[in-house]
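Novice: Spelled out from the first residue to the last, the chains are:
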Amino acid sequence: MEVTTWVTKHVGGDGSGSKVFTEAFAPGETVRDVLRRCSARFPELDAALWSPDRAELGEHIEVVVNDAVLGVTHGLDSPLKNGDRITLLGQFMGG
Amino acid sequence: MSPTATATRPTKKAAPAPASVPGYAGKLLRVNLSTGKIWTQPWAGDMREYLGGVGLGAKILYEEVGPKVHWDHTDNRLILATGPLAGLPVWGTGGLTVVTRGAQTDGATSTQANGFFGAALKYSGYDAIVVQGQAKKLSYLYINDDVVEIRDAAHLKGKDTWETQEALEAEHALSGHRMSVYSIGPAGENLVRFAAIQGDYGHVASKNGCGAVMGKKKLKAVCIVRGTKALRPHDPRGLVQAADDIAHDLKTDPATSTLYRWGTLPGVSNLYKLGVLPIKNYTTNLTTVDMTTWEPAKLRAGFDHRGHQCNACGMHHCHIQVIGKGPKAGELVDEPEYEGWSGAGWQIGLTDKESITWLNTRLDRACLDVNEFGWVCGWVMECMEKGYLTEKQVGFKLAWGDVDGAYRLVQMISHREGFGDLLAEGVKRASEKIGGEAAKCAVYTKKGASPRGHDHRGRWEEMLDTCTSSNGTMESANATHQTEIGLPGRINPFNGEEVARMVGGILGRKHFEDSLGGCIFTFRTRVEMLARALSAATGWTYTLADAMRLGRRTAAIFRAFNLRCGIGTDVEYPSPRYGSKPVDGPAKDHNVMDQWERMREVWYETVGYDIKTGKPTRETLKTLGLDRLAKDLWRK
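Just so you know, the protein sequences line up as chains D and H, in that order.
Its first residue numbered 426, the first sequence is counted upward by one per residue in our numbering.
Its first residue numbered 34, the second sequence is counted upward by one per residue in our numbering.
Note that these hints are calculated values from the structure, not bench results.
Fair warning: this is a prediction, and the values are worked out from it, not measured in the lab.
Treat the hints with caution; some may be incorrect.
To be verified - With a straight-line cut-off of 20 angstroms between C-alpha atoms, the simulated PhoX-like cross-links for lysine-lysine are:
id, chain 1, residue 1, chain 2, residue 2
1, D, Lys434, H, Lys284
2, D, Lys444, H, Lys331
3, H, Lys313, H, Lys473
Pulled out of the complex, with its shape left as it was, chain H reads as follows (with noise of 0.2 angstroms):
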């Protein structure tokens, strides 16, 4: 196949090489659609700041997208970066960040996937791609070490995301670990704003609509084959063995141990009895369901199972699957994630496993995010039931638990037929349109960002992050390991100032982990020891607060990002649904609203912006060493 564009080979003309900085490829791979311009940029003098992955990603979005630059214009970029870890033996190293303007809150989006993205594009000598432009028409980006060239997708056209791979697999006759392959499935191409980012079938960049982003620059699929260039750790030793105390930690700490060994299977059955998994759109938190059956080793024993790990992983979790029973018996899917289980499955009242994990895994291949696919299809079946969406409206019937139906909405949305169309702009927006009582039953942040896939009613902690972030999802994440920096060991989840503290305490550490190049689950480890690591491969001395440090950087860029686009304060609630107040349940009667303000006033002081303008204050970001950011945001 004839390339569009290609990219220059080494020649006399070609950018000097930088100072080599261990772990590093050194440089990011620029590739302008519009002209079919691909050009590498040297990169070391800010890599000790700003890391990699979306440290990196947050800086060249602030730099380089300005305010008037929308999520669907083609100024806007959309970076692929990975971090200074990818391609060396720490558990985990494929990982894929994505950072652009993304479609649901029109803002500052940063989402994580895995597989092997991340080591093929440092083995092929890149820390990053940076993607700018729309291409003339659907395009692929193909990437075998110095041989960069924009290739025509027309034959690619509507595939889903798996057939994409397949294909592209096909096409260069590489498979397995030879070649990673991200790519957008119909949704993206058409523009859905919860397009997700889907690679080596099964791992997603799901968040924002940043599959959205690449379909509005016609780019179906970034196929990169496994490089040959080297990549060395500064202390070769030392990096073993901060592997070697962070793969013991994962198997053996309390808290990972159950990561290590079942990924994120038994949040269902824990979740449940916290009151915290999502049933029926948030109308209930009871079940008759024998939750037994939800434990991690049932799930996992009903089906023919086996690994499908990412770059140099030893976890188990992470599995390809099939289905051995019912109407889709023989299918290969992926087993879901906890995320899987609850948006295509729980949230919209499905129990049966088996058409879970299809459902799981058509989404991924339509590349429609999970979490807002459950929202949007749980309010059409809750509307259904109560009346406030007709047949007329949607087209046909849709009634809790039917898997048909659900997946009849999917490629509705997908290709933006009939209601679909508008079902395709998300939950939010979908529901405004409707209004009436039909826009009361809708969970949805007002920023236009999903929520993960819990009843945060019964988790407080991720509804603030999810409302106050920065970037399209939840920023601070989950509490690990947080009495290393002094947080408490546990705090009373329906205390709003415990919560806000533990929140904003934490905020730093998961833009930290996204900024090695790595995974959320091999690094649900003590910051100390990423630390450890990323010293040995490059030769820098990190320390605990360093990292943490580095992670409020990304964060207050974001926020500043955010804040010049004109995302404020006033959008940091719930909807009515998502902030009410649980009818049943461990969390009944627990009434959020009651004490949000308190929370938001915590987490503000806590953090360290100002609550009237959601600032980072001059003095916040005069210790994160963010000057510059300061003239920005606070002259007069």
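Bound-form chain D, shown alone (with noise of 0.2 angstroms):
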């Protein structure tokens, strides 16, 4: 799992560049399954990433998972297979 940009703040980055954790998950485990278990370890990154009743991902970190915006190829209940890579990306305005 890659964290990038300001959303490296929430694991203990400096808010620029990017993150990688791998994750261990058992068999029919699922996008939020995973989204779950790594912000339980950071409570920054858990009040960012969810919404406010924690039911469903807020609206500034983009979810990508192998280069495809969550809602593509997989939505939050998709199951994950080995090799999987899921992007937190930083909502950013301008250009």
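Take the two lone chains, each set in its own frame, and fit them into one complex as the hints suggest.
Specialist: In structure tokens:
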């Protein structure tokens, strides 16, 4: 799992670059399960990633699975397979 | 230097002062370049509904520019407007909105820039400048409080925009923030259809050929000495509180904190991950370049840089920098926005950072829109690679990433030399003229408006917005804090219906922002906060709902203007390449055209316009308080 840009501030980084974690998961576990387990280790990430009621994702962090934003090839409840890559990409404005 | 025309000094004949509205200067400055007449017009009556900036500009454009007055007609208006927050202590409030009938679409245009122009204009006692007519010879407009003069600009002919500003600063012995200058370079003088208006070293009103309109009027520059008129908000304490809240929000909100810290630099590495960075004219979305070197901290650290903030701004966004290595070492340049890295870089296969910053500034100095230049130059490069254009046609060999060749093209276009004369018409017209396989490679909208510097095949919102908009560029722009108006925080970017509901749902927000006299980046806060600042400035109470309604009014006025000009629903489409299917990268195989018609249907339904005619419905116009427009649009 790769955490990038300002989101790295929530996982011990300086708000730039990226940090990569390897997450083990059981067969049948989903994108949501892995995100839950990872964010549980980082309270600031947990607050930033999920909506206030923690039911769904909040609006400021883009979740990309294997280079496709969530909703394209994977949903939150799609199962993962070995080697899948999840990227947390901070929303940015401008251009 | 003797002026060729001088405004009336305050005398007993001067226009009576309007009832004072806090936050406003209360006057429009009118300039007729054909006759040399300069006068002021009181403005107060409809401020509350039109606000200023693009709202005011749209009203003037609709009322004063008829369908037969094309972009290059002397009766076209060039409106340089600011808004009620300009010059007040809110971040980034030097804003300028240019409204005109533009050269690329021959339709309505609104395009923004910052720096100090808006504040200087307000301190001089004006909310907007409305220029009409055409000067007999190249001229510039000089404004120093009540002294307003049309002056001979023969000595500025051919100078680029930075040289023009330097010359005027020297001439008036004023520098720094004591005088704001917005000007055109050679591209504007030579009526290049995508000429921009550039000011205060690096700020550009770039869209829809507004610089060509200025060139047609033979107006080289507008320079405003920072005036001496006092500006008074209705509730100074309330305004400062609102401004502090906005600043706090920009610094701390996840979505805006990167803007606060890095400006738009994160766009390159972020958008690449989403397949939205245009690479080599939409031929690929992949690169072998190490993208970690394109993260914002590394981009900025590669140059000797310092802040170049606009009026009252505390963001770490705009920077001036010196190129430290390579053949251009030692040159002072403006730090490119994301659009510069894209249009003067990745889109043309150029990834050398020093070369991109140099070329980007050269484009600003020539006054060429970096987006359209990217589409033009990338098109030529691809066509030469594939043999659709020959060295004989172009005049020299131009390959991907050739910065010197690209600059040669800048000069040819700016001066309309050789093949540059055709390219100066923009990629739509140039590719249509060449035809054949070459025509299939061009990125443009059928309306003629330039897409921004993204690969919109991975960002359908912007493609739909660019194609349906009525202002020569994106009209809804990016969704920002859209949950405050009841829209979802996230959508599936490849679900056409969700995309269309989002684009239609946020229509109005940007026009509201652009009516206030500030910056798109410092206004990326909640609309409710901007409405609070506006209320404190003016003494009138504005709500979130008011803000959205007033923004949508402006959109409806632009739509009516364009329909009157004959710009209808038949041109709301991307060119074949622009609407093509990406062959690789994160957006691979997602085909926007599969869903295009459904997207249009949902968009029309969401904004309350009629899809057959393109008109805002009677109900929509009534809701917006535009009954008069309903009579114009729907009369039998």
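Novice: Please work out if Lys444 (chain D) and Lys331 (chain H) have their alpha carbons no farther apart than 20 angstroms.
Specialist: Distance ~16 angstroms between Lys444 (chain D) and Lys331 (chain H) Cα, so the pair holds.
Novice: Check the hint pairing Lys434 (chain D) with Lys284 (chain H) against an upper bound of 20 angstroms on the C-alpha distance.
Specialist: Roughly 14 angstroms between the alpha carbons, so the hint for Lys434 (chain D) and Lys284 (chain H) holds.
Novice: Next pair to validate is Lys313 (chain H) with Lys473 (chain H); report whether the Cα-Cα distance is within 20 angstroms.
Specialist: holds, 15 angstroms
Hint compliance for this structure: every hint is met.
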